[in-house]
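Asks: Please take these sequences and the hints and turn them into a complete structure.
Number of protein chains: 2
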Amino acid sequence: MGKRNEQLHLGAFIYYSGHHHFGWRHPESGAEGLFDFKFYKKLAQTAERGKFDMMFLADLLYVRGVEDSASGMLEPVQLLAALSTVTEKLGLTATVSTTYNEPYNVARKFASLDHLSEGRAGWNIVTSQLDVEAFNYGKDKHPEHGLRYEMAREFVEVVTRLWDTWEDHALVIDREAGIFADGSKVKEVEYKGQWYSTKGALNVPRPPQGYPVLIQAGSSGPGQDFAAAFGEVIFTAQQSLEAAQAFYRSVKGKLASYGRSSGSMKIMPGLSPIIGATEEEAQRKYKELQALIPSSMIVGMLSAMLNFDLSGYPVEGQLPEIPDPVEATNGMKSRVQLIMDMARNEQLSIKELGGRLLGARGHMQFVGTYEQLADFMQLWFEEYGCDGFNIMPPVLPGNLDEFVDHVVPILQQRGLFRTEYAGSTLREHLGLARPGLRHFQASHERAKEAAGAADNAWNGLIGQEAVGTAEAGSAG
Amino acid sequence: MGKRNEQLHLGAFIYYSGHHHFGWRHPESGAEGLFDFKFYKKLAQTAERGKFDMMFLADLLYVRGVEDSASGMLEPVQLLAALSTVTEKLGLTATVSTTYNEPYNVARKFASLDHLSEGRAGWNIVTSQLDVEAFNYGKDKHPEHGLRYEMAREFVEVVTRLWDTWEDHALVIDREAGIFADGSKVKEVEYKGQWYSTKGALNVPRPPQGYPVLIQAGSSGPGQDFAAAFGEVIFTAQQSLEAAQAFYRSVKGKLASYGRSSGSMKIMPGLSPIIGATEEEAQRKYKELQALIPSSMIVGMLSAMLNFDLSGYPVEGQLPEIPDPVEATNGMKSRVQLIMDMARNEQLSIKELGGRLLGARGHMQFVGTYEQLADFMQLWFEEYGCDGFNIMPPVLPGNLDEFVDHVVPILQQRGLFRTEYAGSTLREHLGLARPGLRHFQASHERAKEAAGAADNAWNGLIGQEAVGTAEAGSAG
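First to last, the sequence lines map onto chains A and B. With UniProt numbering, the residue at position 435 of the first sequence is 435, and numbering never jumps. With UniProt numbering, the residue at position 308 of the second sequence is 308, and numbering never jumps.
There's no promise every hint is true.
Copies of the same chain look alike in the list, so a pair counts if it fits in one copy or across any two.
[Claimed, not checked] Cross-link-like lysine-lysine pairs, in silico, DSS-like; alpha carbons within 25 Å at most: (1) K141 to K285; (2) K187 to K141; (3) K192 to K139; (4) K89 to K41.
Hints listed in this document are in silico derivations from the structure and should not be mistaken for laboratory results.
Replies: Shown next, in the form of structure tokens:
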């Protein structure tokens, strides 16, 4: 154990065949396996070999440009169900959008995964992000982010209530007496919200974990409030220890008004490691990766990311001032702000900025030795910049093996990371309590009584920012 | 080979811990495992050992009475994804409702399962059945069955078009040239229907089978027309060879007007075997099963099934005339008619009828020796009453093992059933061609040109019957 008397947590964030946008072009990428179970089986077993808390799958409800980008994703919760059969301890978590699903289906999806995996499921709650996603579902546009936010809050309320419709130990299976389940332990919920209603019981008994672990990725003000109400794991993008500490303090500071302890939430920034035995090796790998980016594409992709045409600006020059994006786009505010901050703080040219963003989508990219990365992680953890990291290998599967083989042992030697799983559920790995019935309702009521103004504060924030984006861990 | 110069097809229909309503009370039922992967793993591996074409999972979007009935179901497509990892050849099929899902999500769900299983997926298309299902999704009532039917037709149209948005071999993955996919082979679909619209490409490449196998369960007139348009496997409930032959002729007779051959559809009635080495053993097993039914419950359950209060009628007496149910209930017509026909034809008392229905939900219940069952199956198959059977063991897992160990070998000895899988996809097992792009659109257009009146006939039938019910294989 280090200074914190607890250990850090690790997620293996799987995104196409690597987080680097052009990582699929790397000779060692597994791009041919993107729709093949064997590719994911190897990744999950590597993460479990490294004693990771969990594997995390992103989700996007559209096809991005297929010619130059790895595109398409298997339905992630199905994929996790398949992976539950080839792993024993690893947490299995995925993004599912509240905007393009029914609460009953989502409650059932994660309850089923939690049963199949015997308590290893987690749901990354997002509201999706783009109009092109709306088009696939027969809508003209993606709902504006304030509305999505409001809807998501109700959605999660319905889902957690449905998980509670079966009490623990409701199944009796008394053949002689002819009693399958204790009827007094299976109750209908009747919920009428502004956006979602439900009346009935879920068709799956209460998940082994009570609730599958609730994950959330919003970093902005209202995102933090949603996180404080529901989030148990928070994915975030942070570019400096100071910013990470400020975020950590801010989100954890809101927990008390919801009746929650600081330990009931684990904050895990994204971290993309480009590492080697020596600094030279790491730098060489970084250059190899950056060389995969067609320079002709940087301006176009950066323009798309910022929703601002940069084609008239010199690529070696600085980024111009980008107009306040909240008016122009939908839910992209914190991403654009982060990009502008990064460009200014590090004096990056348009070309350099584009390269950085295509490398890790706004997350921390670390280039250095295995020891240096361990030092970096230890510092952030011990100085309360985070409770762990969501590891985003630039090229998969190889860079996950490299992290497991070279960095995990150092963290273990320092007592910062487990050498064996102590428990068997994801909640146990993360040190999160198993929720009782109506966990969040109760905490909301406590919050109301204690703070009085909590709900007003909440309402005041609606309309400013999305809960999270479909690219979990991105700065949405 | 027998008289037909082809072999019959077998499905292993998994429904709770057995199809007998009180089969869960049987000492050998696996009721404790209903939410445990190991229970299903054993069943799937048994079906594969028996060289079954496929395993079939029903789905219900509500909880039936939990105190005396096995209740709750894991999300079936996730479960199949998990089972794909512990089987190699077995087809993996499940019910998914068109009424409570989005076409984009369903297209993706089955495309993902088809990739994970390398071409073994099948979708049983149903529209769900009951108001209690609607309540779970925030609706006041289940849509009336004509409307559901119309919606389902559009739903399937959208799903098949989405499967076609990626042509075969669209993935290129040329690292040097930086080309992930051939952009000319990934096209957006733009579909604006009355009920569903979509604009974009699916986020999963074309399924290995082109389309996962499309399964359908409607037996009535409009159900047969839907089947003739889209159905490749038809589950049906038939109580006599004559009725089965009439159904077979009727549905297959409609195929030509859709430009389809007779072999492009496999008709598989449900069959619940209660079998033994001797007739005495089979009869003893039947009595054991019937003894599990609490006699106090027969009247209530039969009343619920018929939507008609039978409590004033003597249980030893005949069933009274039940009023035309189409007005009173929603989509239950053919089920109620089947029940009334069964009671009249076999002169059953209310008690006997209830016992029969709780045994196999209106499907053929066969009581006899292994040889007698093989004779029965051979007769129905060779006399064109069917192309195979969907086997509905009354108690699971044991009765599936029994069928595989004792009946399959007889069918194999007679040349009626495969001794080894010849292909590796479900289409190959079933002898169904792999569809090209826009398979159904093309056949619809052919049908229009050829018949002219096909669409009018279709429209005239709308409003009379549902596509199918959530209990696939039931007489809906």
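Asks: All the hints need checking, so say for each whether the structure fits it.
Replies: Now for the hints, and whether the structure bears them out:
1. K141 to K285: For K141 and K285, neither the intra-copy (41 Å) nor the inter-copy (60 Å) Cα distance is at most 25 Å.
2. K187 to K141: between (37 Å within a copy, 20 Å between copies)
3. K192 to K139: Intra 24 Å, inter 11 Å, cutoff 25 Å: intra and inter.
4. K89 to K41: Classified as both; 14 Å inside a copy, 19 Å across copies.
When held up to the earlier numbered hints, the structure conflicts with hint 1 and nothing else.
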